[in-house]
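Asks: Taken in order, these protein sequences are the chains called A and B. First residue of the first sequence: 1, per my numbering; consecutive thereafter. First residue of the second sequence: 1, per my numbering; consecutive thereafter.
Watch out, some of these pointers could steer you wrong.
[Claimed, not checked] Computed from the model, here is a short list of chain A residues facing chain B with C-beta under 10 Å: (1) Ala53; (2) Leu183; (3) Pro185; (4) Lys200.
Hints listed in this document are in silico derivations from the structure and should not be mistaken for laboratory results. Built from N, CA and C at the ideal position, the CB exists for glycine as well.
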Amino acid sequence: MTLPPETTGRFLPSVDRLENTMRAARRAFDHGDLEGALREDDVAIQLKPEYDAAWLLRGHIFRKDGNIPGAIEAFAQALKINGETQEGWLGLASALHEVGRFQEEGEAYDRLLKIHPRSIEAWIDKGAALHELGDYRGAIACYDKVLGMRPEHAAAWSNKGAALLRLGDDAGAARCMDEALHLDPDFYDAMANRVLLYRKMKRPGETVLWADRALRFREAPWLWYVKGAAHLGLRESTLAMKAFEHALALDPKSKEARAGLRKAKTLHETTDFYRGVYECFGTLLVGDPGCEECEIRARCREVTT
Amino acid sequence: MSLPSLAEVEHSDWPSLQRMCETLGLNPKGRSAIVRMRVADYVRHRAHAPSWRPAREHQAALLTRLGHPDLAERVWESTIQLEAPAPWVGLGHAQLAGGFLAEAAKSFARAAQMGDPSGELHRAEALAAGGDYRGAAVACEAYLATHARDLRALLMKSTFLARSGFEEEATKVLHAAAELHPEVALLQRTLGLALLRSGHHAAAADALQQAVHQDPKDVDADVGRGAALLLAGRTREAIGVLREALEIDSKRADALNNLGVAYLAMGRTKSASVNLERAAKHRESPRILLNLGRVMEGANEPAEAVRAYDQVLKLRPKDPEAVAGRKRLGVPTKSRRSPQKRTAKSPKKAARTVPRKTAPSVEASSS
């Protein structure tokens, strides 16, 4: 690359040119033109090799392009130049997360939290990294930090519920998930966690109910499988078969779904209960006015645990 | 069909819930909690979204203005993302409001780095708040590199330069601003007053004349011009200008004072005393009273002079000029406590007032 005469004359790259190049790179990145963005970013780095913003952008480009090792290297380079950038640490940590390097991811958040002790994003992501590493108590401490700063943070409540569930505190987990869903009634993650909680508590009625709600927002083979298994528990073989078929459509290699489908077909030969309009089937609550009027109350009592 | 509110759904009893289901065409069967959830879901998804809901950025900006910079800072931090300099500007303002000036300057610099040139102007404000006027002026210059005509930046730079002691540079910037924006009448006045303060009396008079030309009713410019002409030694012109100013506003104490001084310079003691007395009536300023005392001394009216000096000493005890004046008139220091008593006229003629010692009130005209 030849520098323009006014640049070479001064031995310094033109600041204007550098800014224009960076702007062009960012524009290309925004428009999804990763190749163009990388080309412009290369020029910026050649103009000013110690430019942290250019390395950060390079990290984002590589990450979006799926080149995670490249992204890690670029973010690390940006942090070598300027170790106080939140964007750099978060970028590095996310890239490390994507390749399953949770230990290092946690360390990256620790470094960031030393600089920005009140970074909500860093605390919640560190909690998630610790959760992946099986340190549920550490994860809960992180979520508590977030909730101390932002008590209305639905994701922190949901994540805390998930960690408590792993620790066997079902009641605590249920309270956290209630809180998350109260703050954001359409929060998919909290619904999915609640499905797992009810499955663990062996309450198929509630499991089906919450799996249905979660599936309205996002399809997931495991959710269909859990729903199918819960229908089996409620002796609803047709609904179970449909759920397992959905799971297999999304993940044809799922052995559990295939086995579940076989079980459902076998059950279908002996029994197949039809719940009709009662989506709450299997969740009987004695004394509830709705349950008092229910037409399938007797059968609901049999399957409610 | 009107939808019930979420609060109504939350607190309604079973029959009301069923009625809601009937009205909304929803399945009314099942456990009450499930039916309630069904109705609430329906209401949440069907209810019209409010026309405007404050986003996190709005909340953060409001928190800063409501006096909660610490909370605002946290909310701004949560809005930061790649390619968006605005949250950095907001964060900087929250930090500025919280007194974290160095952090604020860094945040504004970050915004500027991300492509928001106004970040430099905000940074200038943060630096100036910390007393670094020179740095603030440099930040303004960085902004002006891309926005050479920006009036706000030019005026900020001029102010910061003046505060850091570079008055000449500040005046040059004002001059450039006035040339770039001839349509802004106030600029000529500001330039004129700045020149007057920095001692360029003739140039100040010219700039203020232009200001008056642009707005003939600009009495501040007229009074300033009068002071500039007087200080430039063009006393006769100054008298004309000051009288014009007083025709627009006859109660301008600074104009009356300056006119008095001008008359005194011309040797018209009577006119000088009349104007200074009127000025003192409108504003009890030590400067005006000292001038009056001087004129009265010159007019051989020691009692009036002493009264003026006594008034000064009431306002500013131990004022050296007033004490010296009283000494010249032979009044013992204690007697100032009883201004009612008239002191006897001195048999000796008092020395003529030296016009040099009276001062036009530049401060008054520039305020």
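Asks: To test your reading of the hints: which numbers does this structure violate?
Replies: Numbers 2, 4 - these are the hints that the structure violates, sorted from lowest upward.
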